[in-house]
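Participant: Sequence:
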Amino acid sequence: MPVNRKKAFWALHRNVDYEDLRRQLTFNSDKINSLSSDVSSLRNAMDRQMNNLTQLSNELKDRPAVDPSEKLSAEMKRLSDKLTSVIEELSRNVADDQRKIRNEMMERIAALETASKSQEMKDDETARTAVRNMEERIKAQEEHSASLSKQFMEEREKQRKHFQRITDALEAFERNFEHDHKKLDTSMDSKIQERIHHEKNLLAKITEVEDRLNTYVGNLTNSIHQVKSGKDNVKIPSLDVDGFRREMEAIAADKNKMSMEGLLKLEEKMAKMQSGLVQDRKGISQQIAELKENDDVAELQKQLTKLGTVNHDMEKAQDIIRDKVDKQIPKDQQLNTRIDKEEEERFLAIKELQEAFQKLQSREDLVAKNSKSAQIRRDLEECKVAIKKLAESVTTVKNVLDKKIADESKKVRSKPLLRIVVIPAIE
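Here the sequence shown is numbered in the working numbering, starting from 1 and rising by one per residue.
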């Protein structure tokens, strides 16, 4: 490749020199042709002059001799010598001019050849320098390309090893993550089942307490009826207030182990228990107030006081549970207090209507054959309708509360489990 470039470089410079030489030769040739034309014109002029002289000489010969012949011959000779001298001088001048022109052309051609050779030598040196510089630049570029290729291969190998380490680390992380995920799921499932079992036991315990309390209230009410009927030696049931308090405190202490759904169920259960206890206590208090004072009535009043203590202990336990619920449920979603109040008011109204209804029934038995029995029946029917409506309203309130609890339980279950994953840095 460098040899072809050198040949092309030299060929270009030689063509330029040959073109200059050709132009100079053409100029000199034109000049020689011009001189030749001038010489030819001079020769033609001399030929015409000779012809004129020859014609003049012939005319002189044809004329009669006036002058002596020697004089004419001498004149002719002089003219002929002069003409010959002019011709010779002109020939010498033409020959000198041609020689000068030839010598000048030869000198110029020699100078051109010398300049061409000198330029060719310079061009050869320049071409060699250019070729040498080009070869050095190509060599340096090849060395630089080889260095870059080596660096690229080293960097690629380094990146490959780095990516391999990242891949291995990711695979190890995925294995550990999967293992930890399964372990966490197993642990969470176990804790959930544990909590569900604990909630069931706790709800079963509160149900058992409620059943014992209802049994106690039923027995106490039965004893009141026996006292009211005048029976002697009535057996008055007794309530273990301390044991009841310990059970309520234990239930309240286990609140942190319960889910939101279980906590809401527990609060609902305790609210119903307290509401029922308040209503039963009021009913029992009214019934005891109607009895005459004696030992049995005094014992009944002691049991009524115990019910007040139980109610107080239940309120404390319920306050603890409600405090836990208040911290997890927004205030605008807590309906238990208002619903309990409305339910209590309607229950008392139903109790009053039931008592009025019972009195009317007793009156109906007394005046069954009286003419005013129709009016009494209408009053009874109206009371039944009122009692039915109040019962329906209480049922509606209870359904609203149950729906609210179910919605809250769904919200709690639908919340996603957040897991924090720490990815170790890869060096």
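Mixed in with the good hints, there may be bad ones.
As the list claims (entries may be wrong) - Taking lysine to aspartate or glutamate and the EDC-like style, the derived pairs with C-alpha atoms no more than 16 Å apart in a straight line are:
1) K235 to E315
2) K306 to E261
3) K269 to E157
4) K316 to E261
5) K31 to D81
6) K117 to E19
7) K269 to E315
8) K205 to E247
9) K292 to D232
10) K231 to D319
11) K403 to D232
12) K200 to E268
13) K231 to D295
14) K403 to E268
Hints were generated in silico from the structure; no laboratory data involved. Owing to the predicted nature of the structure, the values given are computational and were not obtained by experimental measurement.
Participant: Now tell me, hint by hint, if it's right for this structure.
Facilitator: Each hint tested on the structure:
no. : hint         : verdict
1   : K235 to E315 : 29 Å, violated
2   : K306 to E261 : 32 Å, violated
3   : K269 to E157 : 70 Å, violated
4   : K316 to E261 : 21 Å, violated
5   : K31 to D81   : 32 Å, violated
6   : K117 to E19  : 15 Å, holds
7   : K269 to E315 : 13 Å, holds
8   : K205 to E247 : 9 Å, holds
9   : K292 to D232 : 13 Å, holds
10  : K231 to D319 : 41 Å, violated
11  : K403 to D232 : 50 Å, violated
12  : K200 to E268 : 15 Å, holds
13  : K231 to D295 : 13 Å, holds
14  : K403 to E268 : 12 Å, holds
Figure legend: structure checked against the earlier numbered hints; hints not met, in rising order: 1, 2, 3, 4, 5, 10, 11.
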